[in-house]
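Chains as they are written, first to last, in this note's numbering: chain A, 1 to 412; chain B, 1 to 412; chain C, 1 to 412.
Calculated directly from the structure, the hints in this document are not laboratory data. Quick caveat: nothing in here was measured; it's all calculated off a predicted structure. One should not assume that every hint holds.
When chains are identical, the list treats them as one kind, so a pair holds in a single copy or across two.
[Claimed, not checked] Think about it this way: if two alpha-carbon atoms lie no more than 25 angstroms apart in a straight line, the pair counts; the simulated SDA-like pairs of lysine to any residue are:
hint, residue 1, residue 2
1, K266, R384
2, K318, L368
3, K194, V396
4, K318, L140
5, K266, L205
6, K378, N262
7, K316, S190
8, K266, V305
9, K266, L204
10, K79, D315
11, K378, I77
12, K378, M1
13, K197, A139
14, K316, G90
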Amino acid sequence: MESTILTINNVWMMICTALVFIMHLGFSFLEIGLTRQKNTINILFKNFFVITAGLLIYALGGFNLMYPGFEEDSLGIIKFAGFGITPPEGGMDYSYADGGYTWWTDFLFQGMFAATAATIVSGAVAERIKLSSFMLFAALYVGLVYPIVGSWKWGGGFLDSIGFYDFAGSTLVHSVGGWAALISIYMLGSRIGKFDKDGNPNALLGHNIPLASAGVLLLWLGWFGFNGGSVLSADPAITSLTLVTTCLAAAAGGVSSALFSNFLYKNFDITMFMNGILGGLVGITAGADQMSPMESIIIGLISGVIIVYGISLIDKLKLDDPVGAVAVHLICGIWGTLTVGIFGDMASLSQILIQLFGILIIGVFCILSSFILLIIVKSICGLRVSNEEELRGLDVSEHTMEAYADFRTNQH
Amino acid sequence: MESTILTINNVWMMICTALVFIMHLGFSFLEIGLTRQKNTINILFKNFFVITAGLLIYALGGFNLMYPGFEEDSLGIIKFAGFGITPPEGGMDYSYADGGYTWWTDFLFQGMFAATAATIVSGAVAERIKLSSFMLFAALYVGLVYPIVGSWKWGGGFLDSIGFYDFAGSTLVHSVGGWAALISIYMLGSRIGKFDKDGNPNALLGHNIPLASAGVLLLWLGWFGFNGGSVLSADPAITSLTLVTTCLAAAAGGVSSALFSNFLYKNFDITMFMNGILGGLVGITAGADQMSPMESIIIGLISGVIIVYGISLIDKLKLDDPVGAVAVHLICGIWGTLTVGIFGDMASLSQILIQLFGILIIGVFCILSSFILLIIVKSICGLRVSNEEELRGLDVSEHTMEAYADFRTNQH
Amino acid sequence: MESTILTINNVWMMICTALVFIMHLGFSFLEIGLTRQKNTINILFKNFFVITAGLLIYALGGFNLMYPGFEEDSLGIIKFAGFGITPPEGGMDYSYADGGYTWWTDFLFQGMFAATAATIVSGAVAERIKLSSFMLFAALYVGLVYPIVGSWKWGGGFLDSIGFYDFAGSTLVHSVGGWAALISIYMLGSRIGKFDKDGNPNALLGHNIPLASAGVLLLWLGWFGFNGGSVLSADPAITSLTLVTTCLAAAAGGVSSALFSNFLYKNFDITMFMNGILGGLVGITAGADQMSPMESIIIGLISGVIIVYGISLIDKLKLDDPVGAVAVHLICGIWGTLTVGIFGDMASLSQILIQLFGILIIGVFCILSSFILLIIVKSICGLRVSNEEELRGLDVSEHTMEAYADFRTNQH
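With the sequences and hints as input, model every part of the structure.
Given below as structure tokens:
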């Protein structure tokens, strides 16, 4: 009987792992779609790097840094359980993780999450970061920063002890990626042409909206696994509630962004619709297992408004975030983390304060780490391509290739 | 034991829900691929609207209109169980729906279906409908017409009582969408340039066949969940038979359309191949749980021929259906519904008559509803964009954006 | 209890079937992305043909040729269990296949595999093979060669008896497709312009790298089902180990190809990254159920190096393989088959010899069959389009259509 239950739970968790994996295609499509043609291959290369190298790094050390097994009396801040991955005694039995999954599935599900955090950065720094610098930074961030922060809550560390709650990672995944995105774009500066002499932003138009849209729908699909798998078993009531809250928040976020931006700017802006959906998804992620349908819709509606203001705010700060990563992942990540104290089963003032404390401490750590790592990376290989390379496009300058070689010769 | 069975069934149904969700990406790709570049963003916007607003509307009222719980002695025509969604007592237990799924999964699976019906319309009316008019019509159709028709059979209403059978919705989903598509294109008129002065049709070429093809394969994938999930449990024999019949009908439909159109027109036409696959899928949908492999192949082969003639018929009627939605969803939907009386376990003359009756009564209701709703919509905000806007393309005129902004500047 | 276990296993196997199905979208994207725009529709048409006709052929005879049920005392070389598919007594019960799946699922999962083998050929012969010739060859190869070879091992034939091991088909699927690809491109000759007068290769650039990249990620996703489903049940320990080894080998293959080709050619080549990932996936396929994580990484790393040399080798042999199918599927398929004797639970010299024997005997059979079938096909309808048609592109010459009709008129 126990082996039967383990088998079902494990099937669900493997499917969720596959769904989180396909988010990497979603991110790829979103990022290339919202940027210019001349940097397409560069972005795809970065995405391939993150999912492959990210997974290897997580296997070699990240997993054991994130789930080190803190001792009862430890401070729960940092511990490393050693290199490589070897299943513990009983890691394939019902006794492991209450029969929610096998240890192998545990590793792979978490590995797919880890790669996600670095992918969030990839979009924000697109079109001007040096490839080698990005690869180095992403490797360090996935290998060190993400697992350490993760260990504080999901690894049973000090944030877990004080009652901080983050169901599927509004903070632990999305804000952790979002902070790095924010610091990176601050240090990199804006793309040539993004702001005019008077500091007014220009739209550098995305070159493939169909792929960007597909990216959003693939990310939404992936979120079935991202949130649904964070139940860590196939418990029918909680998994299905989680999917309902996730989808309703996504829907509400999209509608809200689309209508609110139409109200402000008198235009049906599809990029707002897309980022609204993503904002709703990030917003529900911290509490997807405990909101009612109506609360999820409210969380999504507010996320949609946050997206519209957030994207405008980034522009006003003269920061250049080609895909809206900071608004989606950082700002809605913070909002989502707070909702756990505002709505649902855990709502209370003290919970809000605990959530705020977690947001703050993780924010400080991610900001400092990002700065330090970027300074190290800069000193090793620089951060930004030359103006010439940027104008020419990173596809030709870093890869001597074009994404759509043939479209020129299509013209007879 | 019961909770174990519920858990497995629910896992299957959640996966099927995710698969039906991804059909929306399939529809998006199909529709933009088969239409012109200048209307791409507009179509994507409509698709985003349908999946997001459709789901919200279904949560707010549609679900309770479709599954109202008719009283024993009621006529089974219409009942509304109230706004919002609240799980009933025991909605997460084995006692609900024979342990086939939880109430949350029930809602979400049905919600994904509901949005599908409106998406079918979206393709047919592409390239000339006003965005606001489409949004209003889609909202009303998903919120009122689709659930009322659904309640007649799946909600246990009068068509269910008389033995009408529609396993996964050849009529309840596809024809319901198809009738609205037919009435809409009749009322909208054809796109500028579709018919010449003598009424001969011109091909207005689709601009992205790779994406259209991907759409077809994604729809086929989604149909694993659409039909597989309509078993409403993970029963191994029936679910696996359903997948076999679904795939064989799709395969046969595609081969049949491709070869038959090649026989008629001496050309290997990939859009016929694509629509043949979809026609086979729609054709098997009503009886996918009770056909033999050979019967499924026959149903698919005939669907493929229907597609070739159906698309030609629409042209002859001077109707303009850019994606072939009427032939695929309406005509093959009717064909599929009839097959239940012709092939399989339920084949009998009386069943054919019952199926015909169901097709007829639903057809009349959908035609009338579509007319009335479209007249209301027209009186509020008009139906069609101006000639100028249409020629310029809806992307620029409704969204001030281009789908592939950069491809112009690719030409040095 | 038994029916419960069957239900879980069957759910997993149906999902894996769906995942293998979506590999056909992955192959489509990869093949069109890496070739020229003017042959896009032709390639898509071939892919549609393979998945549809392939499945029908497999239903009509292939399945019964591959799983004929050899008698105890037979040689185990060839047997045909008759046309059509009819479930055996008890095919839906736990008694069938140790409760791993129903007979329907068995057929469909195997049917999706069968179509894969022909798709591998499709990419290699792209841009110059006659459509009718390809369709005839593919039908014969899927209907005869693939099932006969399959019967030797998976159908319980002589290779199974001597202990040959091929978990998910490094040889039985990938090399079988790869040999046909090799012989086909040898007989077809290279595309016009691929080699200059002195025999130096020119790069004929792929026209849509985003879609090619998406194809790789979709193939990786599909491999969750390809390898995960080859466990033939949802056994939690083995399925989850299989997914871990599969993903780690893919990741290692990609990183290895990207870095090694950068070391050799001083360029970050995304097509090498893509083929490295695929090489790693093919390399792990024969032993995915029995490697440790570290062994999988090693297998992947070596696969990545093989890809770089393999692609260069094909060029040196003056063979023209537009998508790298021979390096990925044939060479890495051979490598993967050998790894079963080198690493993991079965490692031994005698196992290496057995693996070599299997590779050899299957190679000889596939080479001879491919030659014979291609000669027959050639005598019936020729192999190659005319130079004129090739230069003009097969989309116009075979389909009178363009893949991106509108992109010309985008230029104002």
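Consistency of the hints with the structure:
1. K266 to R384: between (37 angstroms within a copy, 19 angstroms between copies)
2. K318 to L368: within (21 angstroms within a copy, 55 angstroms between copies)
3. K194 to V396: Cα proximity of K194 and V396: in one copy and across copies (21 angstroms, 22 angstroms).
4. K318 to L140: neither (27 angstroms within a copy, 43 angstroms between copies)
5. K266 to L205: Only inside one copy: K266 and L205 sit 19 angstroms apart there, 31 angstroms across copies, limit 25 angstroms.
6. K378 to N262: Between. Shortest inter-copy distance 22 angstroms satisfies the 25 angstroms Cα cut-off; intra-copy 41 angstroms does not.
7. K316 to S190: Within. Shortest intra-copy distance 12 angstroms satisfies the 25 angstroms Cα cut-off; inter-copy 45 angstroms does not.
8. K266 to V305: Only inside one copy: K266 and V305 sit 15 angstroms apart there, 47 angstroms across copies, limit 25 angstroms.
9. K266 to L204: Answer is within; shortest intra-copy Cα gap is 20 angstroms, inter-copy 31 angstroms.
10. K79 to D315: neither (40 angstroms within a copy, 50 angstroms between copies)
11. K378 to I77: neither (28 angstroms within a copy, 63 angstroms between copies)
12. K378 to M1: neither (56 angstroms within a copy, 59 angstroms between copies)
13. K197 to A139: neither (36 angstroms within a copy, 45 angstroms between copies)
14. K316 to G90: Neither way: K316 and G90 sit 55 angstroms apart in one copy and 52 angstroms across, limit 25 angstroms.
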